[in-house]
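Visitor: So the chains spell out like this:
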Amino acid sequence: MTKLNTTFKTGALALLVAAPLAVATPAIAQQYPDPAQTLDWTIAFGPGGGNDIMARTIVEILNTYDLYPGDIALENRAGGSGAVGWGYLANQAGSAYGISTTSGSFITTPLQADTGWAITDFTPIALLAADDLVLVVNGDSPIQNLDEFIAFAQANPISISGIGTVNVDFIVPALFAQEAGFEFEYISFNAMADQITAVLSGAVDAMMSNPGEILGLIDSGDLRPLVFTGRSTPEALAGVPNFAELGIGVEVSMPRGLILAPDAPAEAQEFWIETMRRVVETPEWQAYITNNTLTPTILFGDDFRDFLANTQEDFATVLREVGAID
Amino acid sequence: MDLFANLLMGLELAINPINIAYLLVGSMVGMIVGVIPGFGPSAGLAILLPITIGMDPVGATMMLAAIYYGSMYGGTITSILLNTPGESATVASTFDGYPMAKAGRAGPALVMQAVASFVGGTVGVIMITLLAPAFAQVSRSFGPPEYFLLAAMGMLTLVVMIGNHWKLGVISALIGFALGTVGVDLETGQGRYTFGSPDLIGGIYFIPIAIGLFGLGELFYAFYSGMHKSESGGLIDYSKEKEFWPNRNDFLSTRWTMVRGSILGFVVGVMPGAGATIASLMAYSTERSLSKTPENFGKGEMAGLVAPESANNAASSGAMIPLLTLGIPGSASTAVLLAAFIMWGLRPGPLFMGQNPELAWGLIASMYLGNVALLAISIFAIPLFVQIIKVPYRILGPVIVVICTLGTFVVHASFVEVGLMFAAGIAGFFMRLYGFSPAALVLALVLGPLAEQALRQTLTISRGSFGIFLDRPASVWIMVVTAALLLILPIMGKIGSRAGKAERAGG
Chain A
1 MTKLNTTFKT GALALLVAAP LAVATPAIAQ QYPDPAQTLD WTIAFGPGGG NDIMARTIVE
61 ILNTYDLYPG DIALENRAGG SGAVGWGYLA NQAGSAYGIS TTSGSFITTP LQADTGWAIT
121 DFTPIALLAA DDLVLVVNGD SPIQNLDEFI AFAQANPISI SGIGTVNVDF IVPALFAQEA
181 GFEFEYISFN AMADQITAVL SGAVDAMMSN PGEILGLIDS GDLRPLVFTG RSTPEALAGV
241 PNFAELGIGV EVSMPRGLIL APDAPAEAQE FWIETMRRVV ETPEWQAYIT NNTLTPTILF
301 GDDFRDFLAN TQEDFATVLR EVGAID
Chain B
1 MDLFANLLMG LELAINPINI AYLLVGSMVG MIVGVIPGFG PSAGLAILLP ITIGMDPVGA
61 TMMLAAIYYG SMYGGTITSI LLNTPGESAT VASTFDGYPM AKAGRAGPAL VMQAVASFVG
121 GTVGVIMITL LAPAFAQVSR SFGPPEYFLL AAMGMLTLVV MIGNHWKLGV ISALIGFALG
181 TVGVDLETGQ GRYTFGSPDL IGGIYFIPIA IGLFGLGELF YAFYSGMHKS ESGGLIDYSK
241 EKEFWPNRND FLSTRWTMVR GSILGFVVGV MPGAGATIAS LMAYSTERSL SKTPENFGKG
301 EMAGLVAPES ANNAASSGAM IPLLTLGIPG SASTAVLLAA FIMWGLRPGP LFMGQNPELA
361 WGLIASMYLG NVALLAISIF AIPLFVQIIK VPYRILGPVI VVICTLGTFV VHASFVEVGL
421 MFAAGIAGFF MRLYGFSPAA LVLALVLGPL AEQALRQTLT ISRGSFGIFL DRPASVWIMV
481 VTAALLLILP IMGKIGSRAG KAERAGG
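First to last, the protein sequences are chains A and B.
The numbering of the first sequence is UniProt numbering, which starts it at 1 and goes up by one.
The numbering of the second sequence is UniProt numbering, which starts it at 1 and goes up by one.
Isolated chain A (complex conformation) (with noise of 0.2 Å):
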């Protein structure tokens, strides 16, 4: 039982980080936030994906900065896809001190399965950043660029492919066929290792990805870059051309950001955005949103709301044609 023990500490000391201690002052009644509180801030996912590592690096910031005056408990609570722990930030409705980061399951989980909670019950704070895709071919491929990509789809049978069918991959090519005039088969993989060998074997003909872990294939010629689906391409695919710049109507892409519990108190939704307004303009947040390719997109309070309900429901049309959910 002693090594049991063991572990759990170390699992406690990297899963709790301690904010500095502030100075104490005697709380006031209505002052957000009350250093007294605790801010119980979770994370709907494992260690080490992408939403945790997110959720930390702003923690990192808010301590470095001293932009939260009180500790911050910072809590995986993963299960169901986000469904567990988004449903545990449901629960603490009215709580000014119940946090949490979103990412695209945030919007696909409540499609798939019945959580209990809607997106829209949570009060928002600000979109931060959203994750784009980049369309590639094999390296080999005589398909040079974005056009006699399509031109070559409206000749040929194509296939495209990318990770999971409830999920950006599959809809954002979809929304472009439509509009480019091409049909293509969609071929869904679970994982990215598979996927990538797929398109480097020449099984599958193009894939659907997020820049940020095939940059070094891209490098080395071994996937062509055909066009990236957000708004300004990002500095590592300098060169490639973005929808935006085509005049190529499809803005979808997954939604990074920060929800308070439902009805939270409107005092603590002012006091994220304006801390959240300066943790965007900190170096460690560029850095971060360089080193996993990410498009800044900043939204705050009901802007953010009203980008969750349109995806959501930009993503629900999509599905509902193909027959994926009811």
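Derived by calculation from the structure, the hints in this document are not laboratory data.
Every residue gets a Cβ at the ideal spot worked out from N, C-alpha and C, and that includes glycine.
All the given hints hold, so there is nothing to weed out.
Computed from the model, here is a short list of chain B residues facing chain A with C-beta under 10 Å: (1) Leu49; (2) Gly189; (3) Trp344.
Chain B: place on chain A using the hints.
Guide: Below, chain B alone, put in the same frame as chain A:
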């Protein structure tokens, strides 16, 4: 030669005292996460990942990698002592490891698994050092058609797992396949048998099932047979104190098993997605087919423990190849390593080893040292672990229930999975009682979804034509090798058993 210059540079980096400290920390943590059932290397890695943010990437990589291959050493300990696999890759080690412990040979079993792990790990690193570029070509030629054939090849091993009661074995495998259909259908996005539960979206994960079937099932059976009533006697009659060390025959009879297991494990480990679990199961059934005494497998045959142990360690080395040479993670654990590289601002890919020679060769060199350290730690720790089996069963039993429950819960923090684990435990008890094959069930649960997905992907790509299997050189090669194995193995088995009989008749 470049190779040796690189390796020497790597060794110089690895022998730095701070890096050795990181390496030892990683090895210890790996052993510990390996020992706890269910709590696997990927979870251990992910928890330690955030603390490496400010660390030197070279030392941090050495530490994280050591957690990964270290867990392969630790995972077998509970497989042998409690019939509860500590790791998915050590399921196969319960088949013969636990019967050996029950027969009073826990010491030799534990020492031999450490030696086999060491041989597998070291053969794996040597193969990385010499053959990384060649194997990179292999792993990049794998698409859905090849994965389907690989899974089909793995299913051939089911024939071996099914055992003597073939009807019960087939039923066990079919239950496994059926459980494998639960979850969101990859192609259409529709939920299959999820009943709206978010916990079942991702399907039935095989770890809770394996822990339940083997760990709890065995426990229930022990209570059923009245083992808890004995006053002093532990789980196992451990009277043969002198037989702590393996004897000469243990080494001699398994030396080729280790080599075969290592090579097979490495090759399977190189394929992204196949991994150590399938490698260990394939090594077990291959060894059984080749054995002169296949009837002893499952009853405490040393080769039946050594084969999967050398294979899973070699596979964990093999999985580093696609990561280092292509930036493709071959397993859940290497996916966390990839996340670490990206977090540090590196770009894993074909140019990675050239751009970061210190990191790549430092890691490879550290793996030689890490395996030596792990062998030493294992041998030092084994006398402590052996004490477990002296604990009276009425005390040990409840502890096993707690360990199985905690181990299942920490993986995804899911109560549904804990429920599944207990259900599998009850099923495992009855399967054991009536002669079904839990091993066939688990293997079918692992391979079924893999084969289904790969076949559907293949046929979607080819628009329904099976001709795609003949169009691709890699897939033709796999079919040729499989056919050759199908022809050769039964013949060798026959020669083997004839030779075995002759030997016994002569002796």
